[in-house]
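Enquirer: Below, each chain spelled out in residue letters.
2 protein chains.
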Amino acid sequence: MATDAINRLVAALNRLPGIGAKSARRIALDMLTWDTDAVRELSEVMIDVKTRVKRCSICFNLTEGDPCEVCTHPRRDASQVMVVDYVGDLLAVERTGLYRGHYHVLDGRISPLDGISPEDLNIQGLLDRVRQGVIQEVILANGPTVEGDATAQYLAQCLVPLKVKTTQVARGLPVGSDLALADQVTLSRALEGRREY
Amino acid sequence: MATDAINRLVAALNRLPGIGAKSARRIALDMLTWDTDAVRELSEVMIDVKTRVKRCSICFNLTEGDPCEVCTHPRRDASQVMVVDYVGDLLAVERTGLYRGHYHVLDGRISPLDGISPEDLNIQGLLDRVRQGVIQEVILANGPTVEGDATAQYLAQCLVPLKVKTTQVARGLPVGSDLALADQVTLSRALEGRREY
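Top to bottom, those sequences are chains A and B. Position 72 of the first sequence, counted from 1, bears residue number 122 in my numbering, the numbering being contiguous throughout. Position 96 of the second sequence, counted from 1, bears residue number 146 in my numbering, the numbering being contiguous throughout.
Some hints here could point you the wrong way.
The list treats identical chains as one, so a pair stands whether inside a single copy or across any two.
Straight line, CA to CA, 20 Å or less: simulated EDC-like cross-link-like pairs of lysine to aspartate or glutamate [stated by the list, open to error]:
#: 1; residue 1: K72; residue 2: D139
#: 2; residue 1: K100; residue 2: D228
#: 3; residue 1: K213; residue 2: D98
#: 4; residue 1: K215; residue 2: D199
#: 5; residue 1: K100; residue 2: D116
#: 6; residue 1: K72; residue 2: D228
#: 7; residue 1: K100; residue 2: D80
Hints listed in this document are in silico derivations from the structure and should not be mistaken for laboratory results. Fair warning: this is a prediction, and the values are worked out from it, not measured in the lab.
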C-alpha cells in the first residue's frame, strides 16, 4: 500500500549506503512533512555535487578545481605523501588537522576475492609522483584490514627500487577503548609497537 | 576541508531523520560514485512525492487521489475505524494485511510538555465521522507510550456520549522477545491482559 510515489521514493532511498527499508520509509514520511522548497533544495544540492565535484588529477582527492586544495596549498609539505584507500579516509585525517603533507588516494584495496588487483587502483600515478623526486617520505595509511595490509605490503615492495623513505601509521589500541575488549590481533600489534614511556 | 558542494550536501543529508553527521558523509561520498542520472532520478522522485502526495480529506492518510484508496475501497469495512497517531503506524498495520476496516490518522499525540493539545490533532474530524452513524467500532491503536495512552484516554472520553463501541489494541509481550528482558510496565500489562489458553 502507500502511494506509488512514496514507494518509489522509499526504493530510491533504500539504495543509499546504510539506509535499510525501515529507515528509508521513515525518511520518506518525514520528507512529506517538509516544505516543498526544502525538498527542492536537497535535490538541487545533490545534483550540484555531481556536476561540480571532480577528482584531482594528481592525488585523486575530490575537488571543485584541479589540482585540489591540498595539492595547491602553499604551506603544505609536498615532500610527504600519505597513501589512503578512499577519499573518506583522507577527509578523516584532514578533520584531525594534524597532517600538513600531501595525499594519494588509491580508490580501493587489493582484494583478489573481489577481483580487485593492483592495476585497478591509482598505484601507477603514485609511483610516477615519487619518481619526480620531490617526495621524501611515503606514509602508508591503508585501512587496518587484511586487504589494507596486502595493499600496503604491495606498495612497500613497489617503492623499494625508488629508494624513498616508507613508513606506516601505527597499529594499536584505539584511545578510549578497553584493553579487555581488544581483539588478539590488535593486542599483539599494540605489544609489538610498544614504546618507552 | 572537502569541497563546499560536498559540505552543503552533507549538511542537507544530516537533516534527514536518523542520519547523523557520519552517515551523511558516507552517503555523500557514495553519491559521488553514482552516475549523474541515478542522482537526478533520486532528486526527481523526491520532488515528485511532494507534488503528488496529499492528505485524504476523510482519514488524513497520505494519498495521490482524494479520498484515499482505503476510504474508497469497495470491500473494506466502513463500520470499523482504527485510530492511529501517525501515517507510519497506518502503513505498518497495512503491511500485516490483517485489518480490513478504515482508519483515522490523528497526526500526533497529546503532549502538554511539547505544547500539543487535543485541538492540534485531527480529533474533531473523527468525532464528525462517528456522528454520521456508519461507524460501529472505534479501535484505539495509539502508540504504547505515556502520550499515546493520554491520547487514547481523551478519545475514549469524547466517544462516550456518541455511544459507539470503543476498543483498544492489546498491550503485552512482543512476540519473539524474552520475558526476562521485558520491562515491568509491559509485564504488568501482559499479566492484566492474560487470556484463557
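Enquirer: Are there hints from earlier that the structure breaks, and if so, what are their numbers?
Expert: 2, 3 and 6
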